[in-house]
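Single-letter residue listing:
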Amino acid sequence: MAVVLDSSEINRALKRIAHEIIERNKGTSNLVLMGIPTRGAALSTRLAKVLSDLEGQPVEHGTLDTTMYRDDLRGSAPRTLAKTEIPAGGVHEKEVVLVDDVLFSGRTIRAALDALAEHGRPKSVQLAVLIDRGHRELPIRADFVGKNVPTNRSERVSVKLVEIDGADEVQIEGRP
Amino acid sequence: MTTHLLSIKDLTKENALNILDTAEELARITETPVKKLPTLRGRTIVNLFFEDSTRTRISFEAAAKRLSADVINFSAKGSSLSKGESLKDTALTLQAMGADGVVIRHPASGAAQRLADQKWMTGSVINAGDGTHEHPTQALLDAFTIRQHLKQSQGDLSGLRVAIVGDVLHSRVARSNVHLLEKLGAKVTLVAPPTLLPVAVESWKVAVRYDFDEELNEYDVVMMLRVQRERMDEAFFPSEREYSRRFGLNGERLSKLSKDCLVMHPGPMNRGLEISADSADSSKSVIVDQVRNGVAVRMATLYLLLGGN
Amino acid sequence: MSILLKNVKTASGDLVEIAFESGRFIEPKDASKEAQVIDGKGLTVIPGLVDLHTHLREPGKEDAETVLSGSKAAVSGGYTAISAMPNTNPVADTAGVVEQVYRLGQVHGICDVFPIGAVTVGQLGKSLAEMGAMNSSEAKVRIFSDDGNCVWDSLIMRRALEYVKSFDGLIAQHAEDPRLTHDSQMNEGAVSAELGLKGWPAAAEESIIARDILLSEHVGSRLHICHLTTAGGVELVRWAKARGIQVTAEVTPHHLLLTDEKARSYDPIYKVNPPLRTDRDVQALREGLADGTIDIVATDHAPHPAENKECEWAAAAFGMIGLETSLSITYLAMVKSGLMKLEDLLPKMAKNPAQIGRYEGHGELKPGNWANFALIDTSAIWKVERTGIVSKSKNSPFVGSELPVKVIKTFFRGNEVYSQ
Chain G
1 MAVVLDSSEI NRALKRIAHE IIERNKGTSN LVLMGIPTRG AALSTRLAKV
51 LSDLEGQPVE HGTLDTTMYR DDLRGSAPRT LAKTEIPAGG VHEKEVVLVD
101 DVLFSGRTIR AALDALAEHG RPKSVQLAVL IDRGHRELPI RADFVGKNVP
151 TNRSERVSVK LVEIDGADEV QIEGRP
Chain S
1 MTTHLLSIKD LTKENALNIL DTAEELARIT ETPVKKLPTL RGRTIVNLFF
51 EDSTRTRISF EAAAKRLSAD VINFSAKGSS LSKGESLKDT ALTLQAMGAD
101 GVVIRHPASG AAQRLADQKW MTGSVINAGD GTHEHPTQAL LDAFTIRQHL
151 KQSQGDLSGL RVAIVGDVLH SRVARSNVHL LEKLGAKVTL VAPPTLLPVA
201 VESWKVAVRY DFDEELNEYD VVMMLRVQRE RMDEAFFPSE REYSRRFGLN
251 GERLSKLSKD CLVMHPGPMN RGLEISADSA DSSKSVIVDQ VRNGVAVRMA
301 TLYLLLGGN
Chain U
1 MSILLKNVKT ASGDLVEIAF ESGRFIEPKD ASKEAQVIDG KGLTVIPGLV
51 DLHTHLREPG KEDAETVLSG SKAAVSGGYT AISAMPNTNP VADTAGVVEQ
101 VYRLGQVHGI CDVFPIGAVT VGQLGKSLAE MGAMNSSEAK VRIFSDDGNC
151 VWDSLIMRRA LEYVKSFDGL IAQHAEDPRL THDSQMNEGA VSAELGLKGW
201 PAAAEESIIA RDILLSEHVG SRLHICHLTT AGGVELVRWA KARGIQVTAE
251 VTPHHLLLTD EKARSYDPIY KVNPPLRTDR DVQALREGLA DGTIDIVATD
301 HAPHPAENKE CEWAAAAFGM IGLETSLSIT YLAMVKSGLM KLEDLLPKMA
351 KNPAQIGRYE GHGELKPGNW ANFALIDTSA IWKVERTGIV SKSKNSPFVG
401 SELPVKVIKT FFRGNEVYSQ
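Protein chains in written order, with the working numbering: chain G, 1 to 176; chain S, 1 to 309; chain U, 1 to 420.
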């Protein structure tokens, strides 16, 4: 089992992503972060905190459950739904940043784009992920990446966060 | 979850809570401008109704359509069933049409289970009311409504006292509710004349009262059952007037209910018989909520049964 | 020419020789020297069984069963005499219909088919059928029943009981108060409450039994209670016998084995009238059969085509076939359970019904009687296969079950009419 990021590296990665987001969007005034449950939502809350500390003003953020929009529901036990929380200002005409822990096939993000479109027409949609492990099955890329981790398809990337798992750590499992 | 929903007995407490929690989330989503989810796109759901029930059919139809399923309504009147086609041949037809899910309402107890057990078709079967047996989604939407009002939409129904009043003997709603409420920790009291209670009701985990006024102020929920007027002709009770006086929810009884007590009715109501107009329209009444919640609960049921198949 | 059956055991296990000639049993010592010998090694010889309660569906519903197919089913189950219930179409309420059924049985020559006549015209319970004419006919009907329906009108029942005395007749009552069982689907109790199927209360059966026992005592007539199913009914018959009332009673194999728990499947293969009752009732029926309160086992063989069972419970027909599994099921319920020995059980399936029905020459392996017997293997275990069912209808609740005791061969009037 190989540790890819430890606690301090996760924090550093989030700070760097925060700086890149501010730079790209020229501030945070029209920004909305939408975390994809479960761990993407925790990361988005953290990222919102870093951004508001840097800019000195609160950053709108919410959660977006993608379950009902997935194209791979068949053949697996139905997933329990997670919460979708749209911030008070909505997403219409906003610079929306989707936040997730791991970018893999891209199917979750495709579902997230569909789910997001139901709630309005954002000015732009960007994607921030902690880990990009490759093996895309759709023409989707991340705008902000914590760390690129080349993997074998059979390996599993395990992201642990304090809010959910009691510790911060990213590991690769199943690597010989 | 199981493949079919035929009876509340098919569900564990966890399954039931999962349906309620999922329905909660779906109700929230459908309150937003999002009315439709793509989840069951390309799936076919057949509403197979051998008995008239516009409200249940519409509720299932709305639920299926909000999940983007294709819905086919098959009612006994407009089909060859009235010419005597058997349940088996109907099932074979549905199989040939590629139905992924069948929502069945049938006047015969056990019809849904027959459809599921006989391997005439492979789709999931959802019981939308079979004879005097069960109506599981009605019990689920009732539990959802109770939880929404008395438990902040969370967890089970432990500690609540629910009275089910009226024709328990012929009520599929009562049977499903007795099973589900017990599973979710509520205490159920059946209130009815002995003629409208099943023989051997003592084998059920419920209390039984013949006097509606006794401990009336102790109930958290009073669920009134529809009384069919033709029961009078079969000598189940002497007259509508006597039934209404002894077992109806009238203004006087309404005033004796506890402050937060909910008044429920699965519909359609006989106003003036088992429930007075002022009771049905009072602030304690959540009858309209029951109807609204029906769609979310049926969406959750369809998603959990068909979403993974 | 005589035929000598050697090396066979009786039901109690003794080795015997059985001889017959011209269709009747003879003393083995009287067998001619050149007698043909059948070796029955390892097998048990039993008298041909006699059923007092069989539905053959001819005339009127020949797709379900005919006199021929029912006779074949009977002999494959070890029966050599069956009694055709009158609820055919037309109803067997005239000399013409009972003679037709009787003659069909004789023409086929597989077993005896004794028609039972209807008590009332059309089995409608309104006016008495011409029972005298049926008795004087070639069919010599002695048993009358409206089975399927109860003779519920007290006055009609009283008159029927009285009327048949003149020719030593017998009324076989299907005890069911129709007002208490309108549209009923199964035993009324905890299971029916849960399944939402309309209940058939034990009291509907017991109240008619009680009434008829009292009527029988009052007019001094023979009464036979069909398919007893409740503990209370057994008590009533026991009481009546203790008082010396001329009542006899039957129980079906399925009521000795199955309970209303089977309805939980909603599979109408278990839908039968009277319905399967509770475990307590089953135990009481077994005790009643063992102690002689219940005189006989009768099959209530009720064939139905597949479409009448492949449907929802309420739409399905009542009844199950039973001729082919009767001996095995009864053996399972009574002998395997240790309640009776085979040699004590067999009279309840042969000698007693023959006596009740006045079927001369039937029911016992004794010289002078018809050479009606079966050879059975008491150590065999066989599986009931749908495809192996002889009856035209396949509505047996025991398909797939492994049962004890196999009928190997059956002889009717000295002729082999069935071989496994």
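Everything labelled a hint here was simulated from the structure, so no lab data went into it. Being a predicted model, the structure only gives us computed values, none of them experimental. Be aware that one or more of the hints could be misleading.
[Said to hold, decoys possible] Simulated restraints on C-beta separations:
| hint | chain 1 | residue 1 | chain 2 | residue 2 | range |
| --- | --- | --- | --- | --- | --- |
| 1 | S | R292 | U | K336 | 39 to 47 Å |
| 2 | S | G185 | G | Q171 | 38 to 46 Å |
| 3 | S | M269 | G | R141 | 56 to 64 Å |
| 4 | G | A117 | S | V199 | 33 to 41 Å |
| 5 | U | E235 | S | D89 | 45 to 53 Å |
| 6 | G | A77 | S | V199 | 39 to 47 Å |
| 7 | U | E307 | S | E202 | 48 to 56 Å |
| 8 | G | G90 | S | Q152 | 45 to 53 Å |
| 9 | U | E307 | G | A77 | 45 to 53 Å |
| 10 | U | G132 | S | E230 | 43 to 51 Å |
| 11 | S | D89 | U | S379 | 43 to 51 Å |
| 12 | G | P58 | S | S283 | 55 to 63 Å |
| 13 | S | Q152 | G | S8 | 36 to 44 Å |
| 14 | S | I58 | U | E130 | 53 to 61 Å |
[Claimed, not checked] If you want the ones that stay clear, here's a sample from chain S, every Cβ over 10 Å from chain U, calculated:
| hint | residue |
| --- | --- |
| 15 | A62 |
| 16 | L87 |
| 17 | K88 |
| 18 | A111 |
| 19 | D130 |
| 20 | T132 |
| 21 | E134 |
| 22 | V199 |
| 23 | V201 |
| 24 | W204 |
| 25 | E230 |
| 26 | P238 |
| 27 | R246 |
| 28 | M269 |
Idealized CB from N, CA, C, for every residue including glycine.
Against the structure, the hints come out as follows:
In this structure the supplied range 39 to 47 Å is violated for R292/S paired with K336/U, their Cβ-Cβ distance being about 59 Å. Between G185/S and Q171/G the C-beta distance comes to about 40 Å, which sits within the given range of 38 to 46 Å. The supplied range of 56 to 64 Å is met by M269/S and R141/G, whose beta-carbon atoms lie about 58 Å from each other. At roughly 58 Å, the beta-carbon separation of A117/G and V199/S lies outside the given 33 to 41 Å, and the hint is violated.
Look at E235/U against D89/S: about 46 Å separates their beta carbons, and that is inside 45 to 53 Å. A C-beta distance of roughly 41 Å is found between A77/G and V199/S, which places it inside the suggested range of 39 to 47 Å. Between E307/U and E202/S the beta carbon distance is about 39 Å. The supplied range of 48 to 56 Å is therefore violated. Between G90/G and Q152/S the Cβ separation comes to about 26 Å, which falls outside the hinted range of 45 to 53 Å.
A hinted range of 45 to 53 Å is violated for the C-beta pair E307/U and A77/G, which are about 38 Å apart. For the pair G132/U and E230/S, the beta carbons lie near 45 Å from each other, so the given range of 43 to 51 Å is met. Separation of D89/S from S379/U is about 45 Å and conforms to the stated range, judged on CB atoms against 43 to 51 Å. Taking the beta carbon of each, P58/G and S283/S are about 39 Å apart, not inside 55 to 63 Å as hinted.
Against the hinted window of 36 to 44 Å, the Cβ-Cβ separation of Q152/S and S8/G comes to about 39 Å, which satisfies the hint. The hinted range of 53 to 61 Å is satisfied by I58/S and E130/U, whose Cβ atoms lie roughly 60 Å apart. Listed as outside the interface, A62/S is consistent with that label: its C-beta sits roughly 27 Å from the nearest C-beta of chain U, beyond the 10 Å cut-off. Once the 10 Å rule is applied to beta carbons, L87/S is inconsistent with being away from chain U; the minimum gap is 6 Å.
Look at K88/S: its CB is around 5 Å from the nearest CB on chain U, not clear of 10 Å, so calling it non-interface is violated. The non-interface label for A111/S is inconsistent with chain U: the shortest C-beta to C-beta separation is roughly 4 Å, within 10 Å. Its closest Cβ contact with chain U, about 8 Å, brings D130/S to no more than 10 Å, contrary to its assignment away from the interface. Listed as a non-interface residue, T132/S fails to keep its Cβ farther than 10 Å from every Cβ of chain U; the least gap is roughly 4 Å.
Not every beta carbon of chain U lies more than 10 Å from that of E134/S, the smallest distance being close to 7 Å; the non-interface claim is violated. Not every beta carbon of chain U lies more than 10 Å from that of V199/S, the smallest distance being close to 5 Å; the non-interface claim is violated. Taking the minimum C-beta to C-beta distance to chain U, about 6 Å, the non-interface status of V201/S is violated against the 10 Å cut. Some Cβ of chain U comes within 10 Å of the Cβ of W204/S; the nearest lies about 7 Å off, and the non-interface call is violated.
Non-interface call for E230/S relative to chain U: holds, since the shortest CB-CB distance, roughly 13 Å, exceeds 10 Å. Every beta carbon of chain U lies more than 10 Å from that of P238/S, the smallest distance being close to 18 Å; the non-interface claim holds. Every Cβ of chain U is farther than 10 Å from the Cβ of R246/S; the closest lies at roughly 23 Å, confirming the non-interface assignment. Under the 10 Å C-beta cut-off, the non-interface status given to M269/S relative to chain U holds; the minimum distance is some 22 Å.
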